[in-house]
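Student: In case you want the letters, here they are:
2 protein chains.
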Amino acid sequence: MFNLTLRPIGYVHNARLSLDDDNWGSVVSEIRLDDFLPEESLDGIETFSHAEIIFTFDQVADEKEFSLSRHPRGNKDWPKVGIFAQRNKDRPNHLGLTIVSIVKREGRSLLVKGLDAVNNTPVLDIKPVFAEFLPRETIRQPEWSHELMKDYWD
Amino acid sequence: MFNLTLRPIGYVHNARLSLDDDNWGSVVSEIRLDDFLPEESLDGIETFSHAEIIFTFDQVADEKEFSLSRHPRGNKDWPKVGIFAQRNKDRPNHLGLTIVSIVKREGRSLLVKGLDAVNNTPVLDIKPVFAEFLPRETIRQPEWSHELMKDYWD
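Top line first, the protein sequences correspond to chains G and F.
In short: position in the first sequence from 1, add 17, done, that's my numbering.
In short: position in the second sequence from 1, add 17, done, that's my numbering.
Hint data in this document are derived by calculation from the structure and do not stem from the laboratory.
Please note that a few of the clues may not be correct.
Just so you know, same-sequence chains aren't split out, so a pair can sit in one copy or run between any two.
[What the hints assert, rightly or not] Here are the simulated DSBU-like cross-link-like pairs (lysine-lysine), alpha carbons at most 35 Å apart as the crow flies:
(1) LYS167 x LYS93
(2) LYS121 x LYS93
(3) LYS97 x LYS121
(4) LYS130 x LYS167
(5) LYS106 x LYS121
(6) LYS97 x LYS130
(7) LYS167 x LYS121
(8) LYS93 x LYS130
Okay, chain G solo, but in the shape it has when bound (with noise of 0.2 Å):
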């Protein structure tokens, strides 16, 4: 079997302690560089106006305690689905994942908006976003995922 193991570049700092559902797009996060990596590594990103980042939802359970196919958020009015046509956090190798609005760039740090992860969350990757990287085509999603973003970002 092949593992990769990974190390976190940097942490969340914001005032975000618990994994609410809703609510996220004002909250304004740092992600500060692990001293591994020399403050160089965030040169130019603040000449892009979002970036990617990859985290791991570090507080949930297990994935052996929870089931790969199911209701969003456990509502029942919406189709059982399978865990990778979910977003949600309890998910295999538990890889969290947003793009985000790019503050500020102060040394070893990036302020971000609209990051939906808690104060200490583990960073793993931070992208840029280049506009050809997005889809090219018209996005097409059931109407389940609308219900469900309704006051996610509010």
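Dock chain F against the given chain G, drawing on the hints supplied.
Tutor: Chain F alone, transformed into the frame defined by chain G:
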């Protein structure tokens, strides 16, 4: 030091054998789930048009062997920038991330278009694209990044 151990959820199968920089747009890849995951993990994915694929650049050198600030593609006409202002594969944790078009789901396999990963690449996660998670403001990026992407999807 906090380390994280991940296990591939599946592997890429396609006709692309080398890590060339350009011409990824027409590549069709099969992502086949590893045996430890039930087939239902993919249920409902076909109701989305796009997915985010997190994978690992498993053929790159160890990070001690590359610089964390450099000219993208070694092109001195472009500014020297930090690794977190680039999407280059030679990065801490070796994580790749691409939005793909979903072509078809067939049992334990997902067929996708536009995945810039070579044959046998280990996949770490599949997340459906929700329009609500794309940038909600205009995207700004430096000119060099547009130039770099000129032939990427051709």
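Student: Next step is simple, just say for each hint if it's right about the structure.
Tutor: Hints versus structure:
Proximity of LYS167 to LYS93 under the C-alpha cut-off of 35 Å is restricted to the intra-copy arrangement: shortest distance 17 Å within a copy versus 46 Å between copies. Within a single copy, LYS121 and LYS93 get their C-alpha atoms only as close as 42 Å, which misses the 35 Å cut-off; across copies the closest is 26 Å, which meets it. Proximity of LYS97 and LYS121 under a CA criterion of 35 Å is satisfied inter-copy only: 19 Å between copies versus 40 Å inside one chain copy. Taking identical chains as interchangeable, the C-alpha atoms of LYS130 and LYS167 lie at most 35 Å apart whether they share a chain (18 Å) or sit on different chains (29 Å).
For the identical chains of this complex, LYS106 and LYS121 are neighbours both inside a copy (27 Å) and across copies (25 Å), given an alpha-carbon limit of 35 Å. Taking the shortest Cα distances, LYS97 and LYS130 sit within 35 Å of each other both inside one copy (32 Å) and across copies (26 Å). Taking the shortest Cα distances, LYS167 and LYS121 sit within 35 Å of each other both inside one copy (28 Å) and across copies (28 Å). For the identical chains of this complex, LYS93 and LYS130 are neighbours both inside a copy (32 Å) and across copies (32 Å), given an alpha-carbon limit of 35 Å.
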